Amino acid sequence: MRVIDLALKDLLQIVRDRRSAFFLGVMPILFTFFFGLVFGSSAEGDPRLPVGFVIHDESDALSASSQTLLEASDAIRPVLLEGNDADSAAESVRDGDLAGAVIVPVGFGEQALAGEKPRLTVIVDQNTPAGQTASSAVQAAMTRLLGAVETARLSAEAFEAREGFESEAARRAYLDEALALASEAWLQPPLTVAVEQSGAAAEEGEEISPNVYTQSSPGMIVQFVVFGLNTSAMVLVLERRSRTLQRLLTTPITRTQVIAGHVLAMFLVVFLQQALLVAFGQLAFGVDYMREPLAILLVMVTLALWVASLGLLIGAMSKSEDQVIMWALMAMFVFSALGGAWFPLDVTGKTFAAIGHLMPTAWAMDGFQNIVLRGLGLSSVLLPAGILLAYAVAFFALAVWRFKFE
Amino acid sequence: MKVLDIALKDMLRSFRSGFALVMMFVVPLLITGIIYSAFGGLGGDGGFDLPVTRVQVVNLDQPGPQFSFSLGQMLVGFLQDERLAELLQVTEAADEANARAAVDSQDAGVAVIIPPDFTTAALAPEGRASITLYQDPTLTLGPGIVKGIVSQFVDGFAGTRIASGVVADQLGQRGVAIDASLMQEVAMQYGAWAEALGRSRGEGAHPALDIQPPPSKTEPVSQGAGMMGPIMAGMVIFFAFFTGASTAETIIREDEVGTLARLFTTPTPRAVILGGKFAAGFITLIAQVVVLMLASAVIFRIRWGEPLSVALVALGLVVAAVGFGLFIMSFLKSTRQAGPVMGTVLTLSGMVGGLFTTGIPNLPAAYDTINLLTPHGWVLRGWKLVMAGGGVGDVLLPVLVTLGMGIIFFAVGALVFRRRFA
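Chains L and Y supply the protein sequences, listed in that same order.
Take the first sequence: its position 156, counting from 1, is numbered 155 in numbering that gives the first Met the number 0, and each next residue is one higher.
Take the second sequence: its position 291, counting from 1, is numbered 290 in numbering that gives the first Met the number 0, and each next residue is one higher.
These are calculated hints, taken from the structure and not from any lab test.
Predicted, not measured: the structure shown is a model, and the values here were computed from it.
Incorrect hints may have been included.
[To be verified] Think about it this way: if two alpha-carbon atoms lie no more than 30 Å apart in a straight line, the pair counts; the simulated DSS-like pairs of lysine-lysine are:
| id | chain 1 | residue 1 | chain 2 | residue 2 |
| --- | --- | --- | --- | --- |
| 1 | Y | Lys332 | L | Lys318 |
| 2 | L | Lys349 | L | Lys8 |
| 3 | Y | Lys1 | L | Lys318 |
[What the hints assert, rightly or not] Have a look at the derived ranges for each label pair, beta carbon to beta carbon:
| id | chain 1 | residue 1 | chain 2 | residue 2 | range |
| --- | --- | --- | --- | --- | --- |
| 4 | L | Lys403 | Y | Pro268 | 45 to 55 Å |
| 5 | Y | Ala296 | L | Asp73 | 37 to 47 Å |
| 6 | L | Asp73 | Y | Gly390 | 25 to 35 Å |
| 7 | Y | Pro268 | L | Leu29 | 19 to 29 Å |
| 8 | Y | Thr343 | L | Ala283 | 16 to 26 Å |
| 9 | L | Leu29 | Y | Ala191 | 32 to 42 Å |
| 10 | Y | Ala100 | L | Thr243 | 52 to 62 Å |
| 11 | Y | Gly390 | L | Asp321 | 53 to 63 Å |
| 12 | Y | Lys8 | L | Arg254 | 51 to 61 Å |
| 13 | L | Phe404 | Y | Glu85 | 51 to 61 Å |
| 14 | L | Glu81 | Y | Glu194 | 54 to 64 Å |
| 15 | Y | Glu194 | L | Ala193 | 18 to 28 Å |
| 16 | Y | Thr334 | L | Thr253 | 45 to 55 Å |
[To be verified] Reference excerpt, derived from the structure (chain L facing chain Y, CB under 8 Å, subset only):
| id | residue |
| --- | --- |
| 17 | Ala6 |
| 18 | Leu10 |
| 19 | Leu11 |
| 20 | Gln12 |
| 21 | Phe21 |
| 22 | Phe33 |
| 23 | Thr120 |
| 24 | Leu337 |
| 25 | His356 |
| 26 | Phe402 |
Backbone N, C-alpha and C fix where the C-beta goes; we use that ideal spot for every residue, glycine too.
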């Protein structure tokens, strides 16, 4: 009972602090909403990356074909730029308004159909993920375009060898027709690549609809449960500084009970914070946490245990309020960024991804995403939960070792 | 001299505080460092070190007796080519169920399932076939790479079919006899062309595309540096505004502990006290911005741009941050209010100003306009221009706006404080 009394006292102290509501609830919701809004609005309407398309010769037969093939891409959409201004297209790429720009020079089609090797200019910033995506999509579309040109040439050669063209105009008309037929055929090629998402839910026909929040909602939960420690770990520091901890030892309460009471309070705060953010994610952002209630509960409990242990460690290490905020901030930045709460680890380099997966937060993200994105069940979160539990034990042991009552 | 004494006392307090130092210097560099490591810094030469994608491939292709080869087997060989070993780790699965199970259990990122009729469909005049990529939905980059590679292979054969079809259609429409040898010849010629193109692309050069970076007067020294510049600029701006507000918070702190009241009993005019506070913030912020810029130039190899333009944008940032800090604090009564209000206002204004989305490409154009509702957005615009090689003339407008905003915020804040302590 003493442990519960102590935990309730801590909870009351935390809840009475106005900052708690801000750090535990308002900020994570605000950040989740903001990132969802930003990514969501950038994907509004046609979600494909915009690629500028500058044609210097509109009568060029290849211009239309290249635009058709770019339009068929599932990664980019061509934006026809008026005024044929390559410089302003390049500036738009530099400023991030376009993911790339394709400049079709004068006479490109003529030269290509004549068997020469004219070159298209593609302006793209390959240092950015969007630029890399645009670059490979443009290359794929332009390879198909060259294939259509080669097809037209082969077809014209075959006809010339058998019948011969009456005039250059007839030859040109034949080439244009071949080009149009080949371009049209590329819109529905005979061999295709189809993509299927894995996951138990997908197999059962249950719809898992990844949205912009399936990364940001669990990511912000993981980030802000750590940051929320700046309020709950603060209680320990305030008790130490006001010598309340020492006074407690003059009562029949044991040291173990004091530590247990504080850890229980931190656990409850983190768990309730997660419950709030999970409910908000489910209702407001459409992230389906509740498709596997037991699994999500297990992840939440083990994450709360680890974060509470981390809170105890921060409380044990900090001598002042400033130090609590500083350690909570550092822990938040390191654990959330390295653990994949800000961006999926698979888009990072392999060394970073390997280091990132040593973080308990990476396992928490795995647990959440196994449910909301992969559509898996309870068995899929056993390993992440087990690892989080192991981290909780390790951090708790470290915190108890460092803990001082005076 | 009293102005300097007050400023020195405040600065000493700031630079003796571990918390202030961490917030001023460590956190912005730490965040940028983590992002730098994630997207380029650990790959050597600042290049991006792509993760290896584990691929399970199952070849169900059963070419008929009329074929002496299997396109499915060719695709498996193509994926297992040693030139792709840095990108893909390919394992052949016994059957489709095993391949899918490997992805389900996260032992593989993608399963490539080649259908039983792949060769037959690829070579029959009306045949159609589809290769299935079964992928882990949490992955983005790896499956995209696999799709690109498989599509490149598939397009070679699809193109052959399309070429044969177009030749047959056009000749047929004109009543020209079509024989098998002609079709074979077309297929072989197209195949040879596609193979040469694939070889050329495999060597890193596209035979018909000149891929150029967007124009910039200052070339980044590395791939990572080019990407990190705006991200670091966002961090510098955010934490500079944090320092501006923290410095102004000392007025409230001193009011709470009574040292401000004591100061008022001395023959020191209110304007001098406020001037000292402003000077402390100004000098601290200059030190912070200079240190962060120099450190990021050394650590992340960021080129900030032409020195005079950089100095002007930095000046605008410092004045805006000091003025904004004083403005926020002038409406607060206690340091207990300061934490959440500072957090809320600085976070919201940073969000609206675009400081947390500098690394996100292709945001809606309207967002660029919204950014300019805040001083943060104007400073960010100045940094972006200067990093793109802009000169004094280019950055003049954002600098003037940030200076103007900073002065107005400071004047309002000073007025409120003056009335409060009158």
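Status of each hint after checking the structure:
Proximity of Y:Lys332 to L:Lys318 is assessed by CA-CA distance (about 26 Å); at most 30 Å being required, the pair is judged to hold. As the CA atoms of L:Lys349 and L:Lys8 are separated by approximately 46 Å, the hinted pair breaks the 30 Å bound. Under the criterion of a C-alpha separation no larger than 30 Å, the hint pairing Y:Lys1 with L:Lys318 is inconsistent with the structure, at around 34 Å. At roughly 48 Å, the beta-carbon separation of L:Lys403 and Y:Pro268 lies within the given 45 to 55 Å, and the hint holds.
Judged by the Cβ atoms, the range 37 to 47 Å given for Y:Ala296 and L:Asp73 holds: they are separated by roughly 40 Å. Our hint of 25 to 35 Å for L:Asp73 and Y:Gly390 is violated, since their Cβ atoms are close to 41 Å apart. Checked against the given bound of 19 to 29 Å, the beta carbons of Y:Pro268 and L:Leu29, roughly 42 Å apart, lie outside it. For Y:Thr343 paired with L:Ala283, a C-beta distance near 20 Å keeps the hint of 16 to 26 Å intact.
Evaluation of the 32 to 42 Å hint for L:Leu29 and Y:Ala191 yields a failure: the beta carbon distance comes to about 59 Å. The given range of 52 to 62 Å is respected by Y:Ala100 and L:Thr243, whose C-beta atoms sit roughly 56 Å from each other. Taking 53 to 63 Å as the suggested C-beta distance range, the pair Y:Gly390 and L:Asp321 does not conform, at roughly 42 Å. Checked against the given bound of 51 to 61 Å, the beta carbons of Y:Lys8 and L:Arg254, roughly 42 Å apart, lie outside it.
Checked against the hint of 51 to 61 Å, the C-beta distance between L:Phe404 and Y:Glu85 comes to roughly 55 Å, which is consistent with it. The beta-carbon spacing between L:Glu81 and Y:Glu194, approximately 39 Å, falls outside the hinted interval of 54 to 64 Å. The hinted window of 18 to 28 Å between Y:Glu194 and L:Ala193 holds, with their beta carbons roughly 25 Å apart. Roughly 36 Å separates the CB atoms of Y:Thr334 and L:Thr253, a value that falls outside the hinted 45 to 55 Å.
With a cut of 8 Å, the hint placing L:Ala6 at the interface with chain Y is violated, because the nearest CB-to-CB distance is about 24 Å. This hint is violated: L:Leu10 has a C-beta 19 Å from the nearest C-beta of chain Y, more than the 8 Å allowed. Taking 8 Å as the C-beta contact cut-off toward chain Y, the hint placing L:Leu11 at the interface is violated, the least distance being around 17 Å. With a cut of 8 Å, the hint placing L:Gln12 at the interface with chain Y is violated, because the nearest CB-to-CB distance is about 14 Å.
A cut of 8 Å between beta carbons decides the hint on L:Phe21: the least distance to chain Y is about 4 Å, and the hint holds. At its closest, the beta carbon of L:Phe33 sits 5 Å from a beta carbon of chain Y; the interface hint therefore holds under the 8 Å criterion. Annotation: L:Thr120 was flagged as interfacial toward chain Y, and the flag holds, the nearest CB pair being 5 Å apart, inside 8 Å. The restraint placing L:Leu337 at the interface with chain Y holds, with a minimum CB-CB distance near 6 Å, inside the 8 Å limit.
For the restraint placing L:His356 at the interface with chain Y, the shortest Cβ-Cβ distance is roughly 11 Å, beyond the 8 Å limit, so the hint is violated. The closest approach between the C-beta of L:Phe402 and any C-beta of chain Y is roughly 21 Å, which is over the 8 Å cut-off, so the hint fails.
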